[in-house]
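Chains as they are written, first to last, in my numbering: chain S, 1 to 403; chain Y, 1 to 403; chain X, 1 to 403.
These are computed hints drawn from the structure, not numbers from a lab. Wrong hints could be hidden among the right ones.
The list cannot tell twin chains apart, which means a pair is met if one copy fits it or any two copies do.
[As the list claims (entries may be wrong)] Taking lysine to any residue and the SDA-like style, the derived pairs with C-alpha atoms no more than 25 Å apart in a straight line are:
hint	residue 1	residue 2
1	K125	K255
2	K255	E194
3	K255	V134
4	K312	A357
5	K311	A225
6	K312	V343
7	K158	T307
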Amino acid sequence: MKNCIKNILMLTLLAFAVSGPVCAAENVGTTLAALSDVQKYERAIHIMAMLLIGFGFLMVFVKKYGRSALTATYLLVSVSIPLYFLKESFHGVGGSEGIIDKLILAEFAAASLLICAGAVLGRLKMSQYMLLGVLFVPFYALNEWVVLNGGLGLISGKVVDTGGSIVIHAFGAIFGLAVAASMTTQKEYETPIECDDTSDRYSLLGSMVLWVFWPSFCAALVAPADVPRTAVNVILALCGSTIATYFASVRLRGKISAADIANATLAGGVAIGSTCDLAVPGTAFAIGIMAGIVSTFGFAIIQSRLTELTKKVDTCGVLYLHGMPGILGGVAALVVVSGINVVAQLTAILITVAIAAGSGLISGKVIAVMGRRSEPYIDEEEFEGEESGQNEVQPLIAATDTV
Amino acid sequence: MKNCIKNILMLTLLAFAVSGPVCAAENVGTTLAALSDVQKYERAIHIMAMLLIGFGFLMVFVKKYGRSALTATYLLVSVSIPLYFLKESFHGVGGSEGIIDKLILAEFAAASLLICAGAVLGRLKMSQYMLLGVLFVPFYALNEWVVLNGGLGLISGKVVDTGGSIVIHAFGAIFGLAVAASMTTQKEYETPIECDDTSDRYSLLGSMVLWVFWPSFCAALVAPADVPRTAVNVILALCGSTIATYFASVRLRGKISAADIANATLAGGVAIGSTCDLAVPGTAFAIGIMAGIVSTFGFAIIQSRLTELTKKVDTCGVLYLHGMPGILGGVAALVVVSGINVVAQLTAILITVAIAAGSGLISGKVIAVMGRRSEPYIDEEEFEGEESGQNEVQPLIAATDTV
Amino acid sequence: MKNCIKNILMLTLLAFAVSGPVCAAENVGTTLAALSDVQKYERAIHIMAMLLIGFGFLMVFVKKYGRSALTATYLLVSVSIPLYFLKESFHGVGGSEGIIDKLILAEFAAASLLICAGAVLGRLKMSQYMLLGVLFVPFYALNEWVVLNGGLGLISGKVVDTGGSIVIHAFGAIFGLAVAASMTTQKEYETPIECDDTSDRYSLLGSMVLWVFWPSFCAALVAPADVPRTAVNVILALCGSTIATYFASVRLRGKISAADIANATLAGGVAIGSTCDLAVPGTAFAIGIMAGIVSTFGFAIIQSRLTELTKKVDTCGVLYLHGMPGILGGVAALVVVSGINVVAQLTAILITVAIAAGSGLISGKVIAVMGRRSEPYIDEEEFEGEESGQNEVQPLIAATDTV
């Protein structure tokens, strides 16, 4: 009896003693989850810097178009992010549960939209960019759902695309090309969009902002333990494409093109997207080199020929920076990732191309209803005053030329 | 006896077994706190990017004033942050306990000072900016103490102002307006400060840096678990004000003003400050839209009339970007936050306006003692060489004009 | 017997009850380590922003050299980071264990290389920059090994250099000066590198990016609990050098030099490097003030005299921004850190100077084999088109001059 009491006493003591750490462990779990979410938030801010400052300034190279490019960037981001959140709220997954993941997914949609807009840069009014955003987001979400979340049951198996080579870069580029194809008239083609070759430094600023924060884009939704390896892979891929771009640019053009340096240097980031958390460093570097070569070849050789052939203009060359390297990245996963579901991966690429092309053609027709232009858009059309900016040598001539 | 020994043995065993996790839990607590502080540090760095790059480049639009605006930004930050730390050290709260919170509070003071300086941009010499900083920080700290920490017992109750709509934005703006009112002479008014309308891209760069990092400003001192929701609210408010600014600018001016896009797009961030951690996403978006409209209306309609009426110049229009949206944000809390202490909130706004106006007037008089000018300040006055910069069309004429 | 069973039962129960929290604690430990690594990753991204955007734009001030400076920055980073990783992989420390520390160390090497390149800016072709990177990294790693890791047994004792005043800043600067000394011919000296004094705003952008992210550079590898204090020390040192630079520039030159503001403001960050985690805030501020004065004195007084004396050009003045403040920081540790190993610290400085000077001289000779120039490098030599940029007043004359 005495023993029994003793034992009960001890069991009670035991229960209390142990429950402390157990409770603490539960609280610790909640706090760890919160800290991990704040780290995702940090990466979300990095992505926002890429969207506004990176994409915005990379596009500041069309003649007399600096303010429009930056304003369009502002509007495209501000339309697409709330729209994506609105879509998410239809799922009934309200509250702030997983809200940071939704923010990152919304930023991915905005990134894809900005890539898309690059193809038609210099052709649209501000209101048309907003319409483009409204049309783009649902189609983007459809493709995301079909390819990554098994929507419609078209793909059975895991698609490898952590950093979005396929669903973000290739989708956005092909959607944009389809919009351009569906909108551009013969007259538009004949009036080329002139480059403002004084804006190299701004473009390089945008380029560098994208380069710097690219690891956060690819690792945005990756588990904490995998972030360092992913980051190193992305950085090595970018180093690879940067070196390759220099050599390819000199080789293919005779001289270095600052536009190649601003653009093709980033192709490594695009191509490593699919396999950023799975590749080993050496492979990542090699993928970067290949992407840099492919992209520079696109800008230096393919662009002028394709433009002549199709009579359609891809203003920023999104096919060469996002389209080709994106698909390269999706295909590279077949070699890099052991045990990959080959059918699922290839189907994902084909579906993405199909949805992007189809919905882009439709969207282009809808946008064209709001007005087409025979002359390229210039800032003065919609903006107050005159941005003599860095064109101030002959502003008057230019102004009379273009209105 | 044997049992007794067994039991003692078991109790000892128990004690050891349990003490491991207990100790671990204590260490875990310390580590979690350290990690949480490092996350605050990350946000502190984001705020620093806003202070120097954001505010700095947003202000690079006054004619022949690019270098001064950036140098003034450097000096204002470098004077106010150590000064705020010095004040803190008087409290006897030495050591590195809570040092990261102090850093963030010091950055808030610097932000408010930079807002204040925007009102008198183009009127002060570099040394006068530093004097402005020395005068500003104590008054700012006084208002912070009275409004947020119950100083002097004037406010009994919690004031809702997490992101500083009232104590940072409205305070800085009104202080600056009072300085301008107290300093500007009739002659100064008649010699307007000319805009360098070639600097749109720099202003938009500053604007975008502010936009991107704004969530970190508002969430700087928020608990980890609340950071994601706060960030989403701030981003949605900024999206709202960006879209609203476009529509309002076109509506009110006929054409888009790049200055509106650079400035009023940020009004959503100002206005969501008070309620950034308490609002729901839809409300945040709505507050952003309202703030964008109010701010654009200020820039497009009120500014020119008020300038004519008062014969005083608010160089950067801080009343319309920080003053009006700041007070809007403070008042919006009355509607958004259930169970808010209405009296405390309204008293906080009134006290802030009163302290800012009074201390601004005094500070203006003090600064004026160091010299006033009939001509707007130009870089050449204090800077070596000539920044032909983007004004190189008529540098010689300008130079002879102004010296 | 019954008691015995009871006791066994209880022990079993105990084992289970306790094993839960113990296991949890182990998992918690792993998660905490992962979160801490992600925080290092955040700082690694900040450093990357410094390398590309900071150093890149700070160097955009040589006449007709904007695109080259930025392209060179891209190439130097992209060569040095993979090279440093390659070196690490020779150690057989494969896998992703500690991979984030390696990334940060690789970035430190890249930073030192960029400092080095600043001394010869405007003298090298793009391919020569890459060769410079290939030559630099092994020597840098040798010095790092000898000074910080006890390599060759030359230093017995801990060297205080957390933020790299000695091994990063002083090493890079002296290596660069040696390269310049070893390469520059009399004819090169006589053809001065002209400054593009229209690029102040770009230089100030680069400067501000460096200022903002400097705390992450110094605290990159510091334990979480020490990050806040380190950050505050770095920020106060930078505030000190910024204020000191203003006063020294006015004092020594009569007027403010924008180049001083862009450069010497950062000297506080260089000098606080060695003791960033050990100093108290007041000392940090004082070190910053001293560094600002020393650096501005270097730019304003020493630079022109030394150039005339040695007939050698240090294009960016790395001696005055990184060399002198770096050694000042290393020596300051003798005063600031109690119980410091004085012999080890001084030996570290001497060895660093010796290795940097020796290897720089050799590297200069090797690079010179690839071609020297009598005229400063201009963009048109290797770049397509013409960056009329901000020199558009006389683009035609310049073009005919230079080809």
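Hint by hint, here is what the structure shows:
1. Proximity of K125 and K255 under a CA criterion of 25 Å is satisfied inter-copy only: 12 Å between copies versus 35 Å inside one chain copy.
2. In this assembly of identical chains, the alpha carbons of K255 and E194 lie at most 25 Å apart whether taken from the same copy (21 Å) or from different copies (24 Å).
3. For the homomeric pair K255 and V134, the shortest alpha-carbon distance between copies (23 Å) is at most 25 Å, but the shortest distance inside one copy (41 Å) is not.
4. For the identical chains of this complex, K312 and A357 are intra-copy neighbours only, at 15 Å inside a copy versus 57 Å across copies, given an alpha-carbon limit of 25 Å.
5. When the C-alpha separation of K311 and A225 is checked against a cutoff of 25 Å, the pair qualifies neither within a copy, at 49 Å, nor between copies, at 54 Å.
6. For a Cα distance limit of 25 Å, the shortest separation of K312 from V343 qualifies neither inside one copy, at 33 Å, nor across copies, at 64 Å.
7. In the homo-oligomer, the alpha carbons of K158 and T307 never lie at most 25 Å apart, since the shortest distance is 37 Å inside one protomer and 63 Å across protomers.
Checked against the numbered hints above, the structure violates hints 5, 6, 7; every other hint is satisfied.
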